[in-house]
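If you're matching them up, the sequences are chains V and B in order. Residue 185 in my numbering sits at position 185 of the first sequence; the count goes up by one each step and never skips. Residue 218 in my numbering sits at position 218 of the second sequence; the count goes up by one each step and never skips.
Don't read these hints as lab results, they were simulated from the structure. All clues given are correct.
Stretch-level coverage of chain B by chain V, calculated; a stretch enters the list once three of its residues show a Cβ under 8 Å from a Cβ in chain V:
| # | stretch |
| --- | --- |
| 1 | 274-280 |
| 2 | 319-327 |
| 3 | 395-401 |
Remember, predicted model here, so these are calculated numbers, not experimental data. Each residue gets a CB set at the ideal place from its N, CA and C atoms; glycine is no exception.
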Amino acid sequence: MDVLLTEEQDMIRTAAREFLEGECTTKLVRDMEADPVGYPPGLWKKAAELGWQGMCLPEDYGGSGLPLVYLGLVLQEVGRAVAPLPLHSTTVAALTIARDGTEAQRQAILPAVVRGEMVLTWAITERDGRHFNPAIETTAVVEGDEVVINGTKLFVDNFPAADHCLVACRTGEGLSLFLVDTRSPGISQRSLVTTAKDRQSEVIFKDVRVPVASRIGPLNEAGPIIEVMLDRASVLLCAQMLGATRKDAEMAIDYAKMREAFGQPIGAFQSVQHMCADMIIWIDGGELLTYEALWRMDQGLPHSVEVSQAKAFCNDRCEAVVRNAQIIHGGIGFMMEFDLHLWFRRVSSWTMRLGTSYEHRARIAKALIDLPGRVILGRPVPVVMEETREEELRRSA
Amino acid sequence: MDFGYTPDQEALRREVLDFIEANVTPEVLAERDGKDADGSTRPRGRAGPRMKELYDKIHRRGWLGITYPKEYGGQGGDRLTQFIVEEEFLRAGINIGLGGSGAPAVLAAGTEEQKRYFIPRLIRREISFCLGFTEPHAGADLAALRCRATPTQDGYIINGQKMYTTSAHSATHIYLMARTDPEAPRHDGISIFLIPMDTPGITVRPLWTIQNNPEAPHGTTYGEARTNETFFDDVRIPKSALLGEENKGWGIGAAALNLDRVGASRYLISIRRDEDIVNWLKENRDGPDAPAENAAIRDKVAELWIEAQVCRLMTLRSMSIVQRGGRFTYEGSAEKVWAPEHGVKTTEAITQMLGPYGQLLSSSPHAVEEGVFAHNVMGAFQSGINHGSVQIMRDQIARRGLGLPSQRRSRKPA
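Throw the hints in and build the complete structure from the sequences for me.
Structure (structure tokens):
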């Protein structure tokens, strides 16, 4: 038991921070907001030279095979710099291919990801926008040695940059996951205009044909694979969100030390001081929850409750921190030419993705209240497996 | 980064749990609550024969004074071992701590003679300290204290009044902060003394709290039935009662207080009600309209549970820092803001889950869980006040942790 970073973990974090401080200016961040693809391939390549994409991928495919906590630390720094890199979507999808893909799929994808030559994403959510058990209407029908996909996906991250996309489809009896080349005929996309000004898309699949061999995991049984992928995605997004939020808070604290009103720095007033103290407490709390969830994943322990704890808490508290930072800055933080909004808009957007506070807390309540046995804090809460859509329908029928 | 316990630590926890099952019997707990075997009652805080026997057994297992050096009767163990053992005993309603910041202060600042005298006896529970810091005009602003210790040829004469000296009526000694140099700047004229409570000139008068009428059930947050005011009238003490150097008492007291703000007991005080309410909801599931089915209650319970995890994790962070030999910049204060405020939030949320039953005190018919939730409402906020209020803690985080400046007292136009 030692919940602090090890020396090695601290070194990796510091190295990532220094690299991005040198490479990722706010000018770059602003330029990419206006860029149709949304990321700088040169910086993506340099990140690969540092081993970021392959950090947690198996060594057999060129990765470093490190625990997920390390990727969490790097994503914290990506968030801190609000770096326009498709690292989150690429690594989450690549980890799923590494865990559940075939040998041929791993060979085709993972080494290219590690080298910084490929961007990945996934497409699960549809029009109901739900994180757990979304109603999936996109279908995949087997025709010979091909599968034909039809449907519309929403909130797909980095789609214009992505080479491949993991697509969740209804396949008669259940859900299946397919690895789809984004240049396949029949795919079109519309850009969503988000608060983060990032690249999220509506992706339309019209008679898109992919080989049967592009399926990830067993037919009709992709539910558990998707659950693992989304849990990783949620907790890694927490890490990214916390990195951005801490930087945002630091900017507000620095501003409070410098900005004078009533003849002294506004940071000398207790009302401002106590706001700042709370901001740091909340960020620290989110960080501890996130690290614990990542650590449990790395140990192969049940982690669904811990992931939801982290995401629900980060959603509420990170939003509150970046709002406080705006308030401490007064009018200037509201100005387009001032950089603070680059953090505020992104953090705010990330709190709404990959599970709202209410969705994650409902999952926690289920584990706490609906499963048998007395609860003791600090001892494992019973594991809650998400009810599949099929089970839900069967139950309500 | 490691959030788990080693197999040895898990085995230790198991050992403690087995010991508790065998030895912390209902009879022992009844005596703890002041009910003796012969039907007579005794003041809380004075151990009866069964409790004495229990503490002897715990001592023989090596679970008292775990972190104290062997030469002073401790075990020379680490803080995490202490944390694990203490957590399990506290959950079972038995306090195995050494009672506040007195013992750490003696270890840090005492003479060899003081350490050899006090520490083994504190561990064996033959000596206990009450805390004599707060005064009628010095609470949060402790450095405003006026209690005087006037040096004499062979010692000091103490005159003054201390407030909220909890357990002064049962403690053997008082761990006292008094002013030795009234001419010095506020923080520089203060000294610490260790004084037997039976010294002539000390008078203890009870102060009764709103939380204990009727008596609060054991396990109530805060839950002190009685605190005291303690008067010093020409109390003559020898030079040997001084702890550390004369006029250096402020630093000694502050360092020990900082350590006392973290650890198993602080954290458990703040999270016990979270466990209680979840288990209560589960055990009272009597149909589709039970509180456990209410979506708003479910959401609130999950929210509280997450915050309780943050209490646990902040405690583990403090443990990790101390275990590595580091010092807090603001982490101890952060824990002392988050945990008490969380405890109050949960206490208040529970009242809205229990509805009218939430009012029922211990002696009432239909009281829920012996009225513990109702008694909590009467005093949970205390943990945000004592040992450094949450407002003082936020000041410390802002100034010491974040480097924000102090406010200028008078404003001059620019």
